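Undergrad: Chain by chain, the residues run as shown.
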Amino acid sequence: MRLLTLFLFAATFVSAQVPFERIVNADKEPGNWLTYSRTLDGKRFSPLSEINTENVSQLKVKWAYQFKDSNIEVSPIVIDGILYVTGPNAAAALDGRSGRSLWKWKRPLPGDYQSIGFGHTNRGAAVLDDKLFVATLDGFLVALDLKSGAERWSAKVLDYKLGYSMTMAPLAIDEKIVVGVSGGEAGIRGFLDAYDARTGKQAWRFWTIPGPGEPGHETWSGGDWKTGGGATWVTGAYDPELKLVYWGVGNPGPDWNGDMRPGDNLYTCSFIALDADTGKLSWYFQFTPHDTHDWDATHVPILFDGEVQGKKRKLIAVANRNAFYYVLDRATGEFIAGKPYAKQTWAKGLDVKGRPILTTNAEPTEQGALIWPNLNGGTVWFSPSYSPQTDFVYISVREIGARYFKRVTPYRVGTFFPGGGEDELPPDDTWGAIRALQAETGELRWEFKLFSPPWAGVLSTAGGLVFSGSDEGNFYALDGRTGKPLWDFQTGGAIGANPSSFMIDGHQRISIAADRVLYVFGL
Amino acid sequence: MRALLIFPSALFLSAVFAVPSAQTASAQDAPVEKPDLAAGKVIFEGHCSLCHGIDGGGGRGPSLHRTKLSRAPDDKTLKLLIQNGIPPEMPEGWYLSEQDIVNVAAFVRSLGNVPPEKLPGDPQRGEAIYARSGCATCHILAGKGIGFGPELTEVGARRGAARLRATLQNPSKTIPEEFLLIEAVTSSGQTIRGIRLNEDTFTIQLKDMQGNFYSLRKSDLRELKKLRGETLMPSYESFVSATELDDLVAYLASQRGQP
Numbered sequence: 001m002r003l004l005t006l007f008l009f010a011a012t013f014v015s016a017q018v019p020f021e022r023i024v025n026a027d028k029e030p031g032n033w034l035t036y037s038r039t040l041d042g043k044r045f046s047p048l049s050e051i052n053t054e055n056v057s058q059l060k061v062k063w064a065y066q067f068k069d070s071n072i073e074v075s076p077i078v079i080d081g082i083l084y085v086t087g088p089n090a091a092a093a094l095d096g097r098s099g100r101s102l103w104k105w106k107r108p109l110p111g112d113y114q115s116i117g118f119g120h121t122n123r124g125a126a127v128l129d130d131k132l133f134v135a136t137l138d139g140f141l142v143a144l145d146l147k148s149g150a151e152r153w154s155a156k157v158l159d160y161k162l163g164y165s166m167t168m169a170p171l172a173i174d175e176k177i178v179v180g181v182s183g184g185e186a187g188i189r190g191f192l193d194a195y196d197a198r199t200g201k202q203a204w205r206f207w208t209i210p211g212p213g214e215p216g217h218e219t220w221s222g223g224d225w226k227t228g229g230g231a232t233w234v235t236g237a238y239d240p241e242l243k244l245v246y247w248g249v250g251n252p253g254p255d256w257n258g259d260m261r262p263g264d265n266l267y268t269c270s271f272i273a274l275d276a277d278t279g280k281l282s283w284y285f286q287f288t289p290h291d292t293h294d295w296d297a298t299h300v301p302i303l304f305d306g307e308v309q310g311k312k313r314k315l316i317a318v319a320n321r322n323a324f325y326y327v328l329d330r331a332t333g334e335f336i337a338g339k340p341y342a343k344q345t346w347a348k349g350l351d352v353k354g355r356p357i358l359t360t361n362a363e364p365t366e367q368g369a370l371i372w373p374n375l376n377g378g379t380v381w382f383s384p385s386y387s388p389q390t391d392f393v394y395i396s397v398r399e400i401g402a403r404y405f406k407r408v409t410p411y412r413v414g415t416f417f418p419g420g421g422e423d424e425l426p427p428d429d430t431w432g433a434i435r436a437l438q439a440e441t442g443e444l445r446w447e448f449k450l451f452s453p454p455w456a457g458v459l460s461t462a463g464g465l466v467f468s469g470s471d472e473g474n475f476y477a478l479d480g481r482t483g484k485p486l487w488d489f490q491t492g493g494a495i496g497a498n499p500s501s502f503m504i505d506g507h508q509r510i511s512i513a514a515d516r517v518l519y520v521f522g523l
Numbered sequence: 524m525r526a527l528l529i530f531p532s533a534l535f536l537s538a539v540f541a542v543p544s545a546q547t548a549s550a551q552d553a554p555v556e557k558p559d560l561a562a563g564k565v566i567f568e569g570h571c572s573l574c575h576g577i578d579g580g581g582g583r584g585p586s587l588h589r590t591k592l593s594r595a596p597d598d599k600t601l602k603l604l605i606q607n608g609i610p611p612e613m614p615e616g617w618y619l620s621e622q623d624i625v626n627v628a629a630f631v632r633s634l635g636n637v638p639p640e641k642l643p644g645d646p647q648r649g650e651a652i653y654a655r656s657g658c659a660t661c662h663i664l665a666g667k668g669i670g671f672g673p674e675l676t677e678v679g680a681r682r683g684a685a686r687l688r689a690t691l692q693n694p695s696k697t698i699p700e701e702f703l704l705i706e707a708v709t710s711s712g713q714t715i716r717g718i719r720l721n722e723d724t725f726t727i728q729l730k731d732m733q734g735n736f737y738s739l740r741k742s743d744l745r746e747l748k749k750l751r752g753e754t755l756m757p758s759y760e761s762f763v764s765a766t767e768l769d770d771l772v773a774y775l776a777s778q779r780g781q782p
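In the order they appear, the protein sequences are chains A and B. Position 196 of the first sequence, counted from 1, bears residue number 196 in the numbering used here, the numbering being contiguous throughout. In the numbering used here, each number is its position in the second sequence, counted from 1, plus 523.
Source of the hints: derived by calculation from the structure; they are not laboratory data. It is possible that part of the hints are untrue.
Simulated pairs of lysine-lysine, DSSO-like, Cα-Cα distance not exceeding 27 angstroms [what the hints assert, rightly or not]: (1) A:311 <-> A:353; (2) B:748 <-> A:60; (3) B:748 <-> B:696; (4) A:343 <-> B:741; (5) A:343 <-> B:749; (6) A:343 <-> B:748; (7) B:749 <-> A:484; (8) A:449 <-> B:749; (9) A:161 <-> B:557; (10) A:201 <-> A:226; (11) A:449 <-> B:730; (12) A:353 <-> A:280; (13) A:484 <-> B:741; (14) A:353 <-> A:314.
Label-pair restraints from in silico Cβ distances [unchecked claim]: (15) B:702 <-> A:388: 47 to 53 angstroms; (16) A:389 <-> B:663: 54 to 60 angstroms; (17) A:54 <-> B:693: 53 to 59 angstroms; (18) B:573 <-> A:517: 33 to 39 angstroms; (19) A:50 <-> B:665: 56 to 62 angstroms; (20) A:388 <-> B:740: 30 to 36 angstroms; (21) B:695 <-> A:490: 29 to 35 angstroms; (22) B:695 <-> A:517: 38 to 44 angstroms; (23) A:490 <-> B:591: 39 to 45 angstroms; (24) A:517 <-> B:702: 27 to 33 angstroms.
Far from chain B, by Cβ distances over 12 angstroms, these chain A residues were calculated [claimed, not checked]: (25) 90; (26) 100; (27) 101; (28) 148; (29) 199; (30) 305; (31) 314.
Predicted model only: the values in this text are computed from it and were never measured. Using N, Cα and C, we set each Cβ at its ideal position, and we do this for glycine too.
Go ahead and model the full structure; you've got the sequences and the hints to work with.
TA: Written out as structure tokens, the structure reads:
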């Protein structure tokens with residue numbers, strides 16, 4: 001009887017290694033990293049403090065893992081000493097002590113697959129119960145057995161021949177896996193999907209470009225909505241109390257020619273809040289109505305509770321690609337605060353509802369219009385971080401303008417649909433920074449300048465540190481209160497990924513991917 | 524969505540992220556429509572003329588008034604080159620559609636019908652002036668000289684004659700980005716002047732005129748000056764006559780590397 005009990009217990013454990021409660025209560029196990037941003041609120045903050053401002057100068061490489069592909073953008077999932085990493089159509093489990101692989105999985109990419117507007121990449125996996133969930137470039141959500149990498153199920157999310165793809169890490173919410181799509185440069189009609197984590201059956205779909213008869217459709221003309229863009233290519237956040245899924249929506253199509261799609265073009269360049277059970281829209285907030293710069297709102301939302309005019313509020317914050325930082329009420333979408341965090345020349349400011357007031361030189365032209373920021377914005381897909389120790393939001397900022405051009409591009413299924421483009425400024429006219437903003441207001445607290453506009457996200461830790469990387473391969477730590485540099489390491493490859501932190505054998509580790517190598521550091 | 528260029532939706536090193544490396548449909552595919560020279564001219568003037576000149580006669584980039592383009596012997600190669608660029612000098616045309624590329628490639632080919640600029644100087648005399656003017660103390664040409672300044676072996680294929688003349692007359696106006704002059708003062712008070720070979724947020728690497736390499740951490744420096752607009756190359760306008768300058772330009776313009 002006792003043996004039987006033990007067996008049953010073991011069976012239960014195996015089938016539910018990471019129940020949703022573990023993800024919701026991630027702060028109870030700070031040595032693990034169970035969802036893309038560690039916690040569902042998108043903060044990318046580690047409560048670990050073994051590595052801190054006093055000893056970070058002693059940080060050393062513990063091991064490195066080489067991928068087959070270059071430009072790796074993964075943020076690993078870490079469960080009880082095992083790292084789960086992804087590349088394009090690939091995944092692996094790594095021994096956290098040695099970096100040696102425990103299993104590998106790869107799904108062949110069809111010969112006619114094309115990435116339209118981005119590179120072949122993948123930013124990470126999701127975990128729930130006994131499965132790892134990976135989104136593939138050619139449009140499948142695949143559930144892998146955590147112990148072996150064998151496929152449990154795969155669901156076809158999209159048709160890549162229409163220009164769709166997937167690069168983001170899925171988000172596991174209660175019993176469901178949420179995935180978004182790429183393809184905003186290919187005239188897709190964007191959507192966000194949820195699938196039953198056990199079976200792979202679709203639970204709901206929210207179209208980010210409303211069809212005829214749906215609210216918001218009036219912000220499009222004629223058939224423009226059919227190629228309206230609105231990709232959802234960066235992982236969102238989740239509030240398990242409000243049961244709302246928060247997700248950023250990308251640019252309208254074509255990107256740079258607004259004449260081809262008059263109107264505000266909802267829900268492009270917006271945050272949407274969806275009911276987790278039904279996928280129905282609870283609220284939306286559009287940062288850049290009728291965007292003509294490719295300023296996707298595809299960012300990881302930061303959910304935090306703060307005080308506004310003396311009252312505790314449930315808030316959501318984002319440093320948007322359009323160079324403004326926004327704070328909204330996350331229950332209602334109400335605009336609370338907003339101000340520029342990077343150089344911008346397209347808006348005089350925001351009105352009381354947060355809608356931009358345009359300057360006279362805000363649109364691409366036939367001859368080219370010089371506008372800040374460039375198409376990659378004040379920041380891009382890589383993650384910001386929020387530290388409850390400082391109440392600062394840390395952002396990787398890109399200071400770069402461009403000459404924006406408007407062109408006429410006819411739509412052809414499954415091809416590049418830009419409607420223009422841009423010429424970037426020469427390298428020495430551009431630079432970057434890590435900026436610390438007061439979370440509730442966006443007030444600048446400090447800045448650390450970077451040689452060039454970065455492509456790396458930010459991690460903050462309870463050790464009082466902020467980690468990020470540079471395009472020239474520097475991985476570095478700053479003092480979270482002052483921005484003072486405390487440590488740096490030359491990885492040898494451009495860093496276009498997010499740092500993370502976890503524990504191996506009871507000791508804190510920091511990881512970062514640089515080009516084709518994943519580095520893990522410790523004391 | 525692009526992130527880019529060095530990569531996209533945010534496209535990619537800087538190139539890696541930033542630009543959508545996304546290469547879209549391949550340039551060698553058959554065009555959707557026949558080339559439209561007028562449309563190609565608009566794209567050329569908007570994106571290419573900054574380096575190749577508004578009439579394609581060259582500038583920072585080479586003249587396109589020639590029937591044979593050394594980097595693009597056939598149309599397929601030309602279209603790929605327009606699409607992918609020539610890093611680091613020529614940016615990629617990631618945002619151009621297949622038809623755009625067909626149009627601009629046809630326009631570039633049409634520039635080959637423009638007779639090449641007749642240069643007034645004599646290349647042979649120019650070679651002698653080059654030899655006696657000390658150019659080889661800083662430049663390597665055809666394997667000879669000292670590699671402090673840019674190599675000149677193929678300079679005629681990279682630069683238009685007007686640009687070469689402007690550089691000889693006023694070199695500080697046309698300094699290539701990879702030859703930025705730096706002055707660094709170390710904590711011990713040593714001053715180092717040299718060319719920037721590489722730089723990141725925390726370090727900088729220099730080479731002085733004697734060919735010594737310096738690896739410096741920025742936090743250790745008392746001063747770090749980027750001497751934009753300064754160069755160690757003298758203006759040759761005061762050294763040589765107008766005729767000799769013509770000869771020198773003709774000689775450098777003829778340096779096109781191996782055929």
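Undergrad: Next, verify each hint and record whether it holds.
TA: Right, here's what the structure says about each hint:
| no. | hint | result |
| --- | --- | --- |
| 1 | A:311 <-> A:353 | holds (19 angstroms) |
| 2 | B:748 <-> A:60 | violated (32 angstroms) |
| 3 | B:748 <-> B:696 | holds (18 angstroms) |
| 4 | A:343 <-> B:741 | holds (26 angstroms) |
| 5 | A:343 <-> B:749 | holds (23 angstroms) |
| 6 | A:343 <-> B:748 | holds (24 angstroms) |
| 7 | B:749 <-> A:484 | holds (23 angstroms) |
| 8 | A:449 <-> B:749 | holds (16 angstroms) |
| 9 | A:161 <-> B:557 | holds (25 angstroms) |
| 10 | A:201 <-> A:226 | holds (25 angstroms) |
| 11 | A:449 <-> B:730 | holds (25 angstroms) |
| 12 | A:353 <-> A:280 | holds (23 angstroms) |
| 13 | A:484 <-> B:741 | holds (14 angstroms) |
| 14 | A:353 <-> A:314 | holds (18 angstroms) |
| 15 | B:702 <-> A:388: 47 to 53 angstroms | holds (48 angstroms) |
| 16 | A:389 <-> B:663: 54 to 60 angstroms | holds (56 angstroms) |
| 17 | A:54 <-> B:693: 53 to 59 angstroms | holds (54 angstroms) |
| 18 | B:573 <-> A:517: 33 to 39 angstroms | holds (37 angstroms) |
| 19 | A:50 <-> B:665: 56 to 62 angstroms | holds (60 angstroms) |
| 20 | A:388 <-> B:740: 30 to 36 angstroms | holds (33 angstroms) |
| 21 | B:695 <-> A:490: 29 to 35 angstroms | holds (32 angstroms) |
| 22 | B:695 <-> A:517: 38 to 44 angstroms | holds (41 angstroms) |
| 23 | A:490 <-> B:591: 39 to 45 angstroms | holds (43 angstroms) |
| 24 | A:517 <-> B:702: 27 to 33 angstroms | holds (31 angstroms) |
| 25 | 90 | holds (18 angstroms) |
| 26 | 100 | holds (28 angstroms) |
| 27 | 101 | holds (25 angstroms) |
| 28 | 148 | holds (33 angstroms) |
| 29 | 199 | holds (30 angstroms) |
| 30 | 305 | holds (30 angstroms) |
| 31 | 314 | holds (29 angstroms) |
Violated hint: 2 only; the structure is consistent with all others.
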